[in-house]
Each structure stands twice: as structure tokens, then as C-alpha cells.
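Number of protein chains: 2
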Amino acid sequence: MQTVTSTEASSENAAVSARADAFVADLQEWLRIPSISADPGHHDDVARSAAWLAERLRAEGWPQVEVWDDTDALPAVFASWPAADPAAPTVLVYGHHDVQPADLADGWSFAPFEPEVVGEELRGRGASDDKGHLAMVRLGVAAHLAATGADGPAVHLKLLAEGEEESGSAHLGSLLAAHRDALACDAIVVTDTGMVDRDAPTVCTGMRGMVDTEIVFRGASVDLHSGQFGGAVPNPATELARLVAALHDDQGRVQVPGFYDDVRLPADAERAAWAALPFDEPAWLAKSAAGAQATAGEAGWSTYERLWARPTAEVNGLHGGYGGPGHKTIVPHSATAKLTFRLVADQDPARVLDGIRAFVDAHTPPGITAELIAGGPGVPPLICDVDSTLVTTIREAMGAALGAEVLPAREGGSGPEALLSTELAAPLAFLGVMLPSDRIHAPDERAVLPLLLAGAEATAHLWRLLGERGV
Amino acid sequence: MQTVTSTEASSENAAVSARADAFVADLQEWLRIPSISADPGHHDDVARSAAWLAERLRAEGWPQVEVWDDTDALPAVFASWPAADPAAPTVLVYGHHDVQPADLADGWSFAPFEPEVVGEELRGRGASDDKGHLAMVRLGVAAHLAATGADGPAVHLKLLAEGEEESGSAHLGSLLAAHRDALACDAIVVTDTGMVDRDAPTVCTGMRGMVDTEIVFRGASVDLHSGQFGGAVPNPATELARLVAALHDDQGRVQVPGFYDDVRLPADAERAAWAALPFDEPAWLAKSAAGAQATAGEAGWSTYERLWARPTAEVNGLHGGYGGPGHKTIVPHSATAKLTFRLVADQDPARVLDGIRAFVDAHTPPGITAELIAGGPGVPPLICDVDSTLVTTIREAMGAALGAEVLPAREGGSGPEALLSTELAAPLAFLGVMLPSDRIHAPDERAVLPLLLAGAEATAHLWRLLGERGV
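Heads up: the protein sequence lines correspond to chains A and B, in order. Throughout the first sequence, residue numbering follows full-length UniProt numbering, covering 1 to 471 in sequence. Throughout the second sequence, residue numbering follows full-length UniProt numbering, covering 1 to 471 in sequence.
No lab work stands behind these hints: they were computed from the structure. Only a predicted model underlies this, so the values are computations on that prediction, with no experimental measurement involved. One or more hints might be untrue.
No copy labels: a pair is met if it fits in one copy or bridges any two.
Unchecked claim - Think about it this way: if two alpha-carbon atoms lie no more than 20 Å apart in a straight line, the pair counts; the simulated EDC-like pairs of lysine to aspartate or glutamate are:
| hint | residue 1 | residue 2 |
| --- | --- | --- |
| 1 | K328 | D103 |
| 2 | K287 | D197 |
| 3 | K328 | E214 |
| 4 | K287 | D223 |
| 5 | K287 | D250 |
Isolated chain A, as found in the complex (with noise of 0.2 Å):
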């Protein structure tokens, strides 16, 4: 691995820190702005929001700034700054400017949009997710254009701020597709990830897929006496309940048929990796996990394993007859199960969906009526090439800046990365910094100032390396 020049890392570094007091009281600012946008009574918020952030982007001299409110979906901003050199690789970043809905009688010990810093940390809503990551971004260019002291940065830059990530991006499509030129780029970087610890630092290097479905069982048009009936008409909640244990097998491999045909193993670089991460079983449990009484999953793979590069089947609610004090006794009618199956590459999730219906199919006994509800066409898993040009410049950048080793890690989520890869064909990387810690999407979110400083001068770095070497 090249190593960054220490000169011209030491003037990023410099106009990192010499703008770091600004960057915080900017960055409060643009958190005092509520921008939740799973709640419409603050789609208001969402476009002040974007206003906000265009002004900045102006204001700091991006050449090309707009306020996308052309399709369905919240307002989102788009801007880029042309490259000196025409012949340079353009790379767009990825971000969004709303956040998570946050409510003091959630938990929380602070005002959620009333943003403060204790000690090391600045603590409201969006400080990490994903305010303070655009925040970072911005103060990268910033401190790039200082350190070269040039017009333009090393590669034509763009950046999107999406308006509704955390509603679950269902019009990114159409703005993707509404903007396809704009938005051509050459590589894309997304900066809403985070790192194993701060002391193991890590880049996201894939993310899994998602197909969601809703499995309802139907027996009798009422709920029937358990006594007059009991052991003569099938129970729906019990023909459910053996059709969900019937989805893993006792090694907690997924039983829909096909399951496993697509995926891709992880390289043993990567395993090994992975292997070389801290893991601190009962600590992880305790704080992570919040309180889980011990690891579980599939025979055979490590929890990082299980999390990054294995499918899974799991039910997120269950429900069916009576639910109340005490007994009655009756035969449910109806019983529902909602499963989400989260997809590793090279998962399709069209096939997966298909495998799914063939399964309830071969689990539906007689006089039970089984209905199949698919939640949407599904989130394709996204992985990245870890030995790309792109990523292993972006480990280097983050090295340098975070005076560390940062090992290939990957998240367990789903995101909008897939369609962002694929729409905008170009390959895509991770730049992030957010801790498990940051306690995101949960009450008493908050940031780590030191490293969205790092990560401002790693995204500096990277501007400069990725000039030099193409993407």
C-alpha cells in the first residue's frame, strides 16, 4: 500500500484543524433544523433544510448548487465543482440531508434539535446520521482546495443530498432517473457509514439486500370456540408457527428452496480480515446487542460473518388471535407473520421472492388459505470491489488521517446503494466514520468530533489521491 505523502497530508491536516471551530458551530446550526422526514408535519423542515445546505454550498464556492424539488420526492441538493484538469475523474458523493424522527419522550436525556457539545462529542439529532457526515465532506473540499491552493479540486466533484433516506427512499429512483446527466460520474462515494471502533478502524465495504413479505394464514371466517372445536379444524397460529420454525433448519441454515444459489462467499483476505477485528463477545452483547443473552445464527461463521456475508430469514412480528389479559378460548381465525430475508451478493431479490412463494406454497396444509404479500421489488445487496483502486485509496486516505491500519469491514443493513451503483453505473465506495456508539435512528444521537475531523481530512486526502491515480 503507497503511503500519502506526508507534506502535502500535513497542509490538509493543518486546513482541517484551522476550520474546526467553524465547522462545529456550522454544523449546530444546520442541526437546529428538524428535517424528519417520515413525518410530513416536517416536510417544511426537510426543504429548509435543503435550503440551508445550498446556501452553504454556495457559499463556499461550489460553482453549481440546486435545490431538486422536481419529482415526488423531498427536497434534495445537488452541486458540483469542476476539476482544474479537464481530463479528471469525476466522483460524486452520496449523503442525505433529513434524519431520523426523534422525540424527548423517547428517551432521550437532551434536546434532540437543540445541539450541544460535551467534551468530545456534539450531541443532537442528525449529528452523525447523517448531518455531520455531508458536514465532514464539505469541510474535506475545503481543506483540499487550502492545502493545493488551486481553483478546483483534483477530481470534478458532485455531490447529492438526498431529502428522504430515512423514509425509506422511495422516490430516489425517480430522481436518479429524472437527473441521470447531472449526476454522471465516474465513481460514487457514499458517506453514511461507520466503523467497527474507534480503535479498530474500518471502511464499509458492502451492505446486505432486502426482500420484505407479509405471510397470512386464513382457516375459519371467525374465531371459533377452542372447546367446540379445539382438535378438529386446523389452528392457523399453530400452522404458522410450524411454518416459520420450518424456515431454518437446526444448523440455522435457511430452508427457501434456492436460498443459497447466488451468494458469493467472501474472499479469505476478507475472512481473515474480519477474523483480525476485535470482537469482544459478552461487551458486544451488553452494548450493542442491548442486552441479547448470546450470539446465535448459522453453524459455522463468526458473528461479523453472519452479519456481513450471510442471507438471513427473520420474522419481525408475529401475531394471530387473542392478545389480551387472561384467556379465551378461541381458534383463531387468521395468523400473520411479517419476515424480512436480508440478501448477500450475489442474492437476486426477484428469485429470492420467488423461492419464498414456493416455499409457503410446500408449507400451506390443507384447510389453511395462504396469502403472500410482497413489500416492494425488494433491495439488491451491494458489495464493492475491495481491491479497487477506489477502495484501497479510500483505506489509505483513512489511514493517514486516522494514524491507523483500517481494515475491509462491511455493514449488515440495506441502503440505497444498489440503485444508486446501478442507475448511475459506476462503481461504488464507503467513506464513514460513525460509531455504534453515535447511537443512531435511537434517542441521544450523537457525533465524535475528532473522528468527523479525521474523516474531513481523509476525504481531503482521497480528493488528492484519486487526481493522481484515476478511480
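Put chain B on the given structure of chain A with help from the hints.
Using the frame of chain A, we list chain B on its own:
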């Protein structure tokens, strides 16, 4: 089988006929009192119903009539009428004067507490269950006395009308204990059951017992993100589904340890009698089982056998995780199953509960904490001696009144009968003429008046025959 002497039977029949109009008017008056024991807002009505019944019994000549409200039980009515012959056996009739809840909004096509006669039917809540049946017994006593011209019945008669059977008979044990001497008897006749079909008159000879339980599986302390944790920690909903699925083998046999150890098989003669009963499966599914699509259950047994002579494990409710619209990508922190087990002779609720405890222990995986909540001590099953004088005389008396052979049958539900028989140390039998079409516990309850009158005639025959034969 002996036949009822036709002269005596004729005068009992005539005495019933002569009182038919008054019987209907009187019962309608009683049905106007909404004595819903499950609703505290109607407890005054339960007391009014008890007072009404006591007043009527006095008017009908019962020498001893009392309203019992000296325990925590809602008011019960007790009456006794000594036989002329002090050596005659004592028979206690048990029924209840409270009714199930009834609300027009539940789908009634007539006002539940404004009873009316339509053709052969008397429509209204309680018309069949159980005021109609208690009125039937009162009419039978009057007819018996009119036919014999004696001052007292041929047996010492006692009557207990409970006031909270429909809300679970929670205080029946205390009531029986507080009045053990008054209730002392040689036999108990319960008038709160029905027949398989109007064209297939039957006498109930057994009811199932019950154990009710709730099983809670807990994992993490909060719902976890299924992307961040799915596949790496146990899912309580999945694991509980696996426990539920393991409750039955593929032959429908319950897998609770020792579950069948104490099960008494029905005698060959009883099975033969059941096999002789008409059973039109499509009609039964469409009408009785409210649109159930197929019969199902333990292999090797008919539908009647499954309902009457085989114990069951039934899921009444299964709940865990998200149940709202759309999907929510969580690993639920807990899941709950409400299970009732119907028992048959000679299963013991306490022993069955021990088995359930062992079953839950055996099916709780690592990382899951299980809690088993028992709903109470359970209800023992009750089975009559079908060859006893009591049961054969009831069959004979009903047969004479209905003009058809009366076959033995059972019911699949659970009631306080075992408690009555045990606490009062007396054999128990059933005499009732409810039909599946009476819609008891459901909207549009009704009784078939000619059957109530025939039932009254059957009880008139019964007192005379038991006076001759003893119990």
C-alpha cells in the same frame, strides 16, 4: 331398556302442554333482565335476575327458596322441595341464571334483551343458555306434581342456579364450601348442555377439562435492528414458533411429556354409538365450524372423537414484534403464546402442567429466557358412568319425551361440573336440549320451544322414574 309407562307419561305430557303458553310468557319476562355476569355494570341485573327467580320458585310452591349472596360469588339461587317419602334419593339440579354479554353491534339481527317468539323459536340472549333450561326444569317439576297429584316430588329435589357461570365460576368453589350441607345430594343433574342435532337426540356424558398457560420468550431488552443484528442473535418470535411447532408431531399427537399417560379411551360401545351419529362434514364445516375449510387433528380419530375423547393443545394467541402496516426491520425483544390444553378423563391438570413445564424447558434455546404463566389450577375433565342408572334413566326419559332413541355423546368444552361432582361427592349427569343452531355465546341466540317443552316433559318423567329406581 325399560319403557316409560304410557299412562303416566301421557299425563306428564298433558301437564306440560297445558302450561306451555304461560311458560313462554314467563320466560320472556326473565329474559328481559340482562344478567351479564362478565360486566360489572350489569351486576345489579344479576341480582335482579336472582330475585326474580326466587320469587317465581316461591310462587310455584318450592318450600325452601334462598338467594345466596354471602360469599364473593354473584347472587345464586337455591331451592329445595322434599319428597313425600323421606327415604327417596336427593337430586340436585344445577344451572345458571347469568348470561353471556350481548351487544347489538356484535351483529345481532334483533334486540338481545327484547325476546320474541318467531315460529317455533324464542329469540333472545339466555333463551337457551341457560335461563331457558332452568325454566324447562321448573316446568318439569310443576308437570310432575300435577301428574301425580302429590304434595311433593318423587325425589328430594334441590336446585342451584349459579350467578357467574358465564364469567368463569370463579367463586363456585367457595359457594359450594359455604353451603355444603344444604347442597348434600345423591346425584347431580346439570341442565346446561345440548344435543348433536334435532334429528339425532343425544345426552351429554362428558366434558373436557382445561389447563391454560401463557409462555413468554424474551431475548434482548429492546427490539434490535434486523440489519445490524439479524442472523447473529436469537429471535424470540422464531424460537417461540419452533416451540409451538414442536407441540404436535406430524400425526397431530401432542408432544408434552406424559400427556397421554392418564388418558382413558372411550369404550367400544361408546365409540360405536358416536359412529352411528349423523355427521355431514361439509355441512358441519360450513355451519358449525363457521366456514372452516377442512377438518384436521390427531390421526386415527373421527371428528367427534377428536372433540370429545382426545386431549388437545391449542394456540389461542401468538404475538411478538411489529404488527402495524408495512414493515419494521426488527428482531423483536419478546414473543408470547397463549395456549390452552383440553383434557379428557383421567388426565390431571396439575400433572399436565408439570409436563408443559418440562416441554418449555426442553424447547428454550440458549439466549432466550422463558416464562411459563399458569392461568390457575385448571379444570379437571368430567366423564359420566354411561351404564349408571342415572344416565340410562335420563336417556329413557328424554327418549320418551322426544319419541326417538337418545344416544350418548359428549361435549368438547369445559365447565364447573367436575368441581360440583367432586365437592359434593355425588355422581353427575346431564340433561339438556340445546342445539348447535341455538347460537349460544354468539349473536342471535335462540331456543327451539318444542324442544324446551319436550325437555320439561323429560324431567317430569325423570323425577318419577328416579323415585321408583333410586340413583
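Hint check:
no.	hint	result
1	K328 / D103	between (36 Å within a copy, 18 Å between copies)
2	K287 / D197	within (12 Å within a copy, 63 Å between copies)
3	K328 / E214	between (25 Å within a copy, 11 Å between copies)
4	K287 / D223	between (42 Å within a copy, 13 Å between copies)
5	K287 / D250	neither (28 Å within a copy, 42 Å between copies)
Of the hints listed earlier, the one the structure fails to meet is number 5.
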